[in-house]
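Visitor: Listed below, chain by chain, are the residues.
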Amino acid sequence: MAKKKKNTLQSHLTDAVSSIGKLVSAPLHFVRPPKPTVARKIASSPGIEHAKGVDVPPEDGSIPIQCIDFGKSGCEKTDFRNVTDLIAHPRPEWGGFRWINIEGLHPFIINELRKTYEFHTLAAEDVLHTPQRPKLELYDTHTLIIVDMVRLKNEALTSEQVSIIVIGDTLITFQETPGDVWDPIRTRLQNPDARFRRYPLWYLAYALIDAIVDNIYPILERYGDVLNDLEEQAMEDPKPSIQQHIYLIKRELYALRRSFWPVRELTSKLTFDETSPVEKKVRVFMRDVHDHSLQIIELIESSREMCNSLQDFYISVVSNRMNEVMKALTIMASLFMPITFFAGIYGMNFEHIPELGWQYSYPVFWGLCITTTIGLLWYFKREGWIGKK
Amino acid sequence: MAKKKKNTLQSHLTDAVSSIGKLVSAPLHFVRPPKPTVARKIASSPGIEHAKGVDVPPEDGSIPIQCIDFGKSGCEKTDFRNVTDLIAHPRPEWGGFRWINIEGLHPFIINELRKTYEFHTLAAEDVLHTPQRPKLELYDTHTLIIVDMVRLKNEALTSEQVSIIVIGDTLITFQETPGDVWDPIRTRLQNPDARFRRYPLWYLAYALIDAIVDNIYPILERYGDVLNDLEEQAMEDPKPSIQQHIYLIKRELYALRRSFWPVRELTSKLTFDETSPVEKKVRVFMRDVHDHSLQIIELIESSREMCNSLQDFYISVVSNRMNEVMKALTIMASLFMPITFFAGIYGMNFEHIPELGWQYSYPVFWGLCITTTIGLLWYFKREGWIGKK
Amino acid sequence: MAKKKKNTLQSHLTDAVSSIGKLVSAPLHFVRPPKPTVARKIASSPGIEHAKGVDVPPEDGSIPIQCIDFGKSGCEKTDFRNVTDLIAHPRPEWGGFRWINIEGLHPFIINELRKTYEFHTLAAEDVLHTPQRPKLELYDTHTLIIVDMVRLKNEALTSEQVSIIVIGDTLITFQETPGDVWDPIRTRLQNPDARFRRYPLWYLAYALIDAIVDNIYPILERYGDVLNDLEEQAMEDPKPSIQQHIYLIKRELYALRRSFWPVRELTSKLTFDETSPVEKKVRVFMRDVHDHSLQIIELIESSREMCNSLQDFYISVVSNRMNEVMKALTIMASLFMPITFFAGIYGMNFEHIPELGWQYSYPVFWGLCITTTIGLLWYFKREGWIGKK
Amino acid sequence: MAKKKKNTLQSHLTDAVSSIGKLVSAPLHFVRPPKPTVARKIASSPGIEHAKGVDVPPEDGSIPIQCIDFGKSGCEKTDFRNVTDLIAHPRPEWGGFRWINIEGLHPFIINELRKTYEFHTLAAEDVLHTPQRPKLELYDTHTLIIVDMVRLKNEALTSEQVSIIVIGDTLITFQETPGDVWDPIRTRLQNPDARFRRYPLWYLAYALIDAIVDNIYPILERYGDVLNDLEEQAMEDPKPSIQQHIYLIKRELYALRRSFWPVRELTSKLTFDETSPVEKKVRVFMRDVHDHSLQIIELIESSREMCNSLQDFYISVVSNRMNEVMKALTIMASLFMPITFFAGIYGMNFEHIPELGWQYSYPVFWGLCITTTIGLLWYFKREGWIGKK
Amino acid sequence: MAKKKKNTLQSHLTDAVSSIGKLVSAPLHFVRPPKPTVARKIASSPGIEHAKGVDVPPEDGSIPIQCIDFGKSGCEKTDFRNVTDLIAHPRPEWGGFRWINIEGLHPFIINELRKTYEFHTLAAEDVLHTPQRPKLELYDTHTLIIVDMVRLKNEALTSEQVSIIVIGDTLITFQETPGDVWDPIRTRLQNPDARFRRYPLWYLAYALIDAIVDNIYPILERYGDVLNDLEEQAMEDPKPSIQQHIYLIKRELYALRRSFWPVRELTSKLTFDETSPVEKKVRVFMRDVHDHSLQIIELIESSREMCNSLQDFYISVVSNRMNEVMKALTIMASLFMPITFFAGIYGMNFEHIPELGWQYSYPVFWGLCITTTIGLLWYFKREGWIGKK
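Residue numbers (my numbering), protein chains in the order written: chain L, 56 to 444; chain U, 56 to 444; chain A, 56 to 444; chain B, 56 to 444; chain S, 56 to 444.
If you are wondering where the hints come from, they were derived from the structure by calculation, not from laboratory data. It is possible that part of the hints are untrue.
All copies of an identical chain are treated as equivalent in the list; a pair is satisfied when it fits inside any one copy or across any two copies.
[Stated by the list, open to error] Think about it this way: if two alpha-carbon atoms lie no more than 30 Å apart in a straight line, the pair counts; the simulated DSSO-like pairs of lysine-lysine are:
1) Lys132 x Lys294
2) Lys107 x Lys436
3) Lys127 x Lys170
4) Lys107 x Lys335
Bear in mind the structure is a predicted one, so any value in this text is a computation, not a measurement.
Can you build the whole structure from these sequences, using the hints too?
Guide: Here is the structure:
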């Protein structure tokens with residue numbers, strides 16, 4: 056039922072947005088992949104060993120598994136239909152690094168890999184139980200990095216958790232759903248001159264995070280365009296729908312900020328901390344990602360600031376309009392009430408109203424009305440109610 | 056009398072909430088257990104020795120006492136009706152750890168335990184005098200941890216103080232009222248393979264805190280649902296009751312935040328501080344709790360942010376509506392005032408009004424009225440008062 | 056004259072408060088003791104030696120002076136009428152500590168004590184020139200602590216500066232006016248088993264500060280009650296007086312916060328700083344005061360937050376009401392303006408109005424009026440202006 | 056032209072203020088000395104050597120120069136008409152310290168002194184190019200302190216930059232205009248017992264800064280009085296002029312805060328920093344200034360907070376009033392519109408209106424009018440629009 | 056299309072501004088140079104080697120290249136039409152430093168220089184891919200500084216990224232477009248006595264940054280003038296256009312702040328950090344820039360604060376005016392509705408209205424009207440609706 060409601064809201068918002076023909080670019084909406092069915096029970100044993108379904112392997116091929124071995128001498132890419140084949144797959148004789156990419160979360164797969172590579176059961180649990188807060192966890196022999204991969208897919212923002220485990224010569228990535236932003240990296244890996252082949256494995260970790268971070272820029276540009284449209288609209292023709300847009304954008308920017316704020320810490324730790332496992336040679340690249348995450352957070356903050364200013368501006372525009380409307384009403388009422396009263400006077404049926412029989416009463420009456428009106432208009436003019444905007 | 060007032064408010068709020076049929080899930084209310092009758096007097100001697108009632112044992116069985124001895128070789132659970140029996144209860148020969156759980160606060164019991172286990176009199180006082188701020192106190196030989204256990208009970212949020220004292224091989228927990236979130240832990244203790252049996256005693260402390268922290272997630276999801284409902288309502292059909300809801304939710308989120316903010320510090324100290332008494336093996340689990348407390352605080356903050364945005368949005372909706380209403384009034388008045396005046400003119404009883412006798416006066420009059428009306432409508436249209444929303 | 060104004064305001068506020076019968080508990084007001092007549096001149100020589108009146112002893116008995124000697128072997132309390140007697144008073148043979156309490160500020164007394172106990176002239180000046188910011192000043196041989204003692208006296212909050220000087224075996228306290236919160240301490244000092252007798256002198260300093268800090272709790276509870284009342288009123292029957300109350304409470308909470316914020320630092324320094332003069336044995340007690348000051352600040356903050364939320368809520372209630380009033384007016388005007396115009400039409404005196412002579416004109420007219428009214432009502436209903444609240 | 060505008064604003068503000076007879080004390084306005092004619096060119100060479108006019112000595116006597124030599128054995132004050140005489144002036148045989156005070160900024164004088172005392176060219180430039188941010192600059196052989204001296208002069212706040220250079224046995228002060236708050240210090244220097252004579256030179260620096268800081272207290276008291284007046288007015292008789300006052304006070308408090316915030320850092324560095332050039336004996340005095348600057352900032356913050364609360368309060372008062380006015384209008388219109396319509400009905404000239412000929416029509420009509428009115432009044436009463444405030 | 060929109064907005068804003076004759080100085084607008092055509096592809100290889108166009112040299116002379124060799128013995132300035140000539144250009148025999156200034160960004164040029172001077176490929180990429188966040192990057196052998204150069208050009212604010220690379224004896228600067236604020240520096244370099252000739256190369260870096268920072272002052276003064284104008288207008292004659300101005304100024308100040316905030320960190324690191332590559336002799340100058348950047352940020356903050364206060368003030372002015380308008384309407388309606396009703400009464404055509412035939416009815420009627428009016432006016436006066444402002 057909760058899902059149904061959400062859809063209603065979603066469609067409602069889409070309608071709200073599409074109804075504004077003028078906006079060149081509409082705000083984007085976050086779409087989270089459906090919650091995994093394997094939720095952790097409160098006060099249950101920590102670690103993946105006790106997760107529901109840990110003993111039942113998933114259907115063959117239901118979760119794409121890819122393994123890329125690369126090194127100075129070559130690069131081999133293999134796809135698997137199940138994790139057992141992957142684990143059995145031998146390393147090439149020429150050594151090098153191995154990147155295993157799992158495009159789906161299943162307790163059985165994670166646990167098998169955990170047993171093979173001996174990473175911590177809590178790391179495995181963090182991979183499985185999405186959403187986690189983006190973070191960096193240093194274990195004695197391995198490192199866990201969790202970030203959010205935000206992508207534009209069919210005009211909707213999808214956000215999924217990506218877990219990266221660096222353990223010896225192997226780097227394992229887990230995604231929630233198939234599809235990612237790493238295809239250019241896969242291509243570059245084929246290139247014998249690529250730094251991947253010559254640099255330590257952390258260079259691959261850098262490249263993966265960098266791709267995720269850089270992918271935010273076009274999304275932020277999109278928000279920038281929407282805000283520019285809104286600004287223009289607010290200046291030229293402020294409509295109530297503006298406030299709804301601002302509300303939606305603020306909410307999404309806040310979600311984006313919440314998702315990116317910890318990335319800043321994470322890259323900072325990887326770059327500057329003494330305990331960082333990243334090699335000095337690679338740290339200079341990691342610093343670059345750190346700079347970008349700083350810049351992204353500043354861009355988000357500045358968009359939020361702009362939202363707030365626009366909202367203040369819109370509210371004062373509404374106040375001003377109300378003022379104008381009230382002035383119009385007051386002027387109208389002030390002009391017609393007195394003269395309507397005068398007309399009422401001479402519509403009375405008293406037998407003894409001397410003016411009624413007087414010959415020039417009618418033109419004099421008109422004169423009185425016109426004089427009153429002009430007097431009031433002059434007064435309003437002097438008070439600044441008329442003629443200034 | 057203060058109690059009576061509270062109930063009135065409570066019932067009032069419940070009514071307010073129940074009157075809104077559309078909200079699938081209503082906001083929750085905090086219920087604190089009644090204040091203990093043993094309040095500390097100002098400037099009285101610190102420590103529990105001088106607390107009122109410290110010499111009078113409570114009625115047998117009025118406060119449930121449970122003792123679980125566990126270790127590599129076994130696990131024994133015993134319930135007691137009074138503290139004297141508990142203290143007399145021997146440890147099993149196979150050694151291991153002891154977890155004593157007291158489900159009620161009584162100065163006599165606390166003092167007896169203090170004398171037996173020799174913990175600090177200020178620690179005992181903190182256990183007794185609720186509510187304390189959640190905190191971690193390191194004494195030379197023992198550690199006191201105070202957290203709030205927030206639970207959903209019969210559609211109300213109950214919050215009670217839980218004090219955990221770790222002293223040598225013994226862990227003592229004090230609750231304010233019977234009932235807790237630890238039943239799964241009691242079950243897991245029976246399992247010979249459970250980490251509890253192999254890990255240091257601090258692993259139990261971790262599990263207890265973890266259960267308390269994890270229990271907040273479903274509560275926050277509930278708030279999330281309420282906020283989604285409110286958002287939908289605000290977009291589709293904003294009613295004044297929304298503001299009351301937002302106010303109540305904000306107040307409760309603030310209370311929740313105040314209760315959780317210090318937990319973050321506490322788990323951080325236990326995890327990262329040099330002086331932390333937690334063993335390295337257990338710290339990695341404690342770090343997990345720390346992550347969860349960070350995530351919970353971010354979720355609370357983001358809900359509060361959403362409340363604020365919704366409120367701003369609602370206020371600007373109200374302003375817009377007022378604008379619409381005012382426009383309607385002004386248009387109405389502007390249309391009818393002039394023509395009512397015209398009608399008034401020719402209702403006058405002057406003897407000499409030439410138009411009265413003229414044959415086409417009446418249709419001309421109607422023409423004048425219609426022209427005026429159309430002119431004004433055109434003006435309003437041009438000014439954007441009609442036809443745009 | 057400034058004083059007269061203040062009184063006017065005071066009485067005004069009292070009236071404002073007393074006029075609201077429903078509020079069970081009224082907000083409290085701060086009363087500061089009258090400024091000392093010995094104000095320091097700008098750019099004058101620092102230190103107490105040059106203060107005005109430093110050479111003239113105060114009238115005997117005008118300022119109560121009390122000296123308590125206590126130690127393992129006994130406790131002697133003596134009252135003096137002037138400072139010379141105090142200084143001449145010999146220490147008991149059994150040694151121990153001496154607590155001197157001066158209930159009034161006079162340059163002569165402070166200077167005499169300064170000369171006897173050799174504390175710094177700037178410390179003496181800080182004692183004399185109230186109000187100082189609460190602070191901790193470490194001198195080589197002695198320590199100065201300044202805090203605000205806030206008390207409820209005859210339904211008014213009085214705030215006075217308390218200065219505590221710890222110098223060797225002697226602790227000197229200076230108050231601005233007679234009366235304090237320390238009577239239970241004086242009683243406990245008589246008890247041969249009291250910790251005072253066995254612990255270092257700093258334990259007395261702890262007890263004095265603790266009494267001052269703990270005394271804030273009932274005051275905060277009072278504010279809590281007032282806020283609960285206001286909340287209830289705002290929900291059930293929001294009156295304009297609410298905003299005045301909120302304003303007053305916010306102002307007072309801010310004053311309370313300003314007075315307590317530095318206490319937090321002060322106790323933190325005494326507890327955790329390496330340079331703290333407090334003995335380890337006593338620090339654990341000082342930590343307790345520190346916890347309480349943290350909790351008090353959180354309670355104040357949370358009350359302020361509640362004030363702000365209430366204010367937002369009240370403002371949106373006012374907006375909504377205005378909306379209701381405007382709707383009522385608009386509906387009223389829209390219903391009656393058209394039909395009044397119709398009536399005006401047939402009140403015209405044109406000779407040629409065909410309808411006038413028609414037999415069914417009158418009932419048809421009524422039909423027209425009723426149709427118009429029903430049509431408009433239906434329109435308002437559809438627009439949601441009628442029937443929903 | 057910019058100057059003319061400023062004057063207009065100034066006079067406008069003065070008018071605004073003077074028009075409010077009730078305010079006992081009016082807000083104060085900042086007056087800065089006119090900008091020096093020697094503005095630094097962008098990207099020009101740093102240092103004073105290239106400043107315009109550095110080669111042309113000012114007219115003799117146009118800038119007052121004073122030199123005070125003081126020490127254990129004596130104190131000599133000499134006034135000079137030009138800087139050459141000052142430099143040629145020999146030190147007394149009994150040694151001691153020299154305080155040179157220049158009451159005006161001229162590149163020639165500053166440069167001559169720089170050449171004599173060999174202070175850094177950037178220090179000289181900071182002295183010349185006002186306004187600088189208050190700051191402390193430690194050079195190898197000397198120290199530059201820049202603070203703002205705010206004074207009340209003829210009911211206006213004047214703010215001028217004061218630069219203090221401590222270099223060996225000499226202390227040089229530069230002011231922008233003649234006149235300062237240091238006369239009591241000059242007097243105290245004559246006193247053979249004064250600490251100046253016995254303490255290091257930094258004691259003089261302390262005394263000069265202390266005089267400047269202490270001089271803010273009466274100004275803040277003045278603002279406190281204005282705010283109390285405004286508060287009283289807002290409670291009793293809120294007028295629109297209140298908002299203008301609040302705006303002006305907020306602006307000035309912000310300026311004051313901006314001018315004092317860096318002083319806090321400055322005194323903190325002089326007191327607590329390891330690198331501070333101040334002798335330990337004098338640091339305890341400097342700490343006193345630091346405390347005062349903290350207290351001043353808290354007082355400013357609390358005044359600003361009060362301004363904001365007052366503004367919120369005033370706005371909600373305005374809203375309430377608008378509500379009252381709207382209610383009055385709505386009640387008026389609701390009462391008269393229906394009965395005016397009834398009267399219109401029977402003013403129609405239809406030939407066939409049966410009621411017209413009926414004998415009791417008129418009293419029945421009145422009965423109808425009165426019944427309608429009473430009914431509406433009862434309705435308004437029930438809705439709470441009448442009788443409650 | 057996005058560009059077209061921007062222009063529309065731009066012209067719209069210009070119109071808005073120019074329509075206000077009274078404002079002496081109009082707010083300024085940011086103009087960014089058009090985005091470079093060589094945008095970095097997401098997840099592409101980092102570094103400049105793979106940038107599009109890196110192999111194609113730009114047209115000769117299309118990008119101005121200047122090289123200045125300077126040292127104790129001389130200063131030689133040479134302009135080049137392409138980067139190959141520049142690289143081939145020999146250093147003068149008398150040694151010294153070399154400043155290369157490139158007034159345009161082209162991957163070929165940057166890459167050639169990178170290969171020659173061996174700076175890091177990421178530094179080269181940061182130079183190329185504008186806009187970067189202002190930052191300081193320390194590499195092992197060289198330093199990269201990125202700042203924004205904001206200039207007033209034809210009444211518009213242009214902002215372009217300036218990258219400074221200090222590498223051994225060479226300093227390279229990259230600008231986005233031709234034209235800068237460094238002409239005075241070029242002139243000063245010719246002066247044999249200039250510090251440039253005697254000081255380390257970092258002195259040149261200081262001078263370049265200093266020129267950029269100092270150039271903000273006149274821009275801020277311009278904003279100060281606009282704000283003073285707005286303030287004056289708000290006090291004397293508040294028009295709705297004020298809010299639009301405030302919105303625009305706030306947005307631009309925020310952009311300026313965002314551009315300057317990191318400069319503060321950057322100069323702080325260069326001045327105070329242990330790892331700073333700047334020589335001690337030059338650091339004292341760098342500290343000066345740091346002070347200026349602090350002052351600039353405070354000025355920006357204070358302008359923003361003033362904007363916010365002005366906005367609050369304007370909104371309360373609008374509220375007050377609305378109040379005035381509403382009062383006028385209510386008074387008008389209250390005066391005329393009752394007497395119009397009375398006139399309506401005696402316009403009824405009932406046959407039996409006794410008053411109609413009574414001789415003094417008409418004057419009595421007028422008396423009634425006047426009495427009612429005076430009574431209402433007296434009531435309004437008493438309520439304070441008339442006569443007070």
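Visitor: Are the hints correct? Go through all of them and say.
Guide: Here is what the structure says about each hint:
1. Lys132 x Lys294: neither (55 Å within a copy, 59 Å between copies)
2. Lys107 x Lys436: neither (79 Å within a copy, 55 Å between copies)
3. Lys127 x Lys170: This pair counts as both: shortest intra-copy Cα distance 29 Å, inter-copy 24 Å.
4. Lys107 x Lys335: Between. Shortest inter-copy distance 28 Å satisfies the 30 Å Cα cut-off; intra-copy 41 Å does not.
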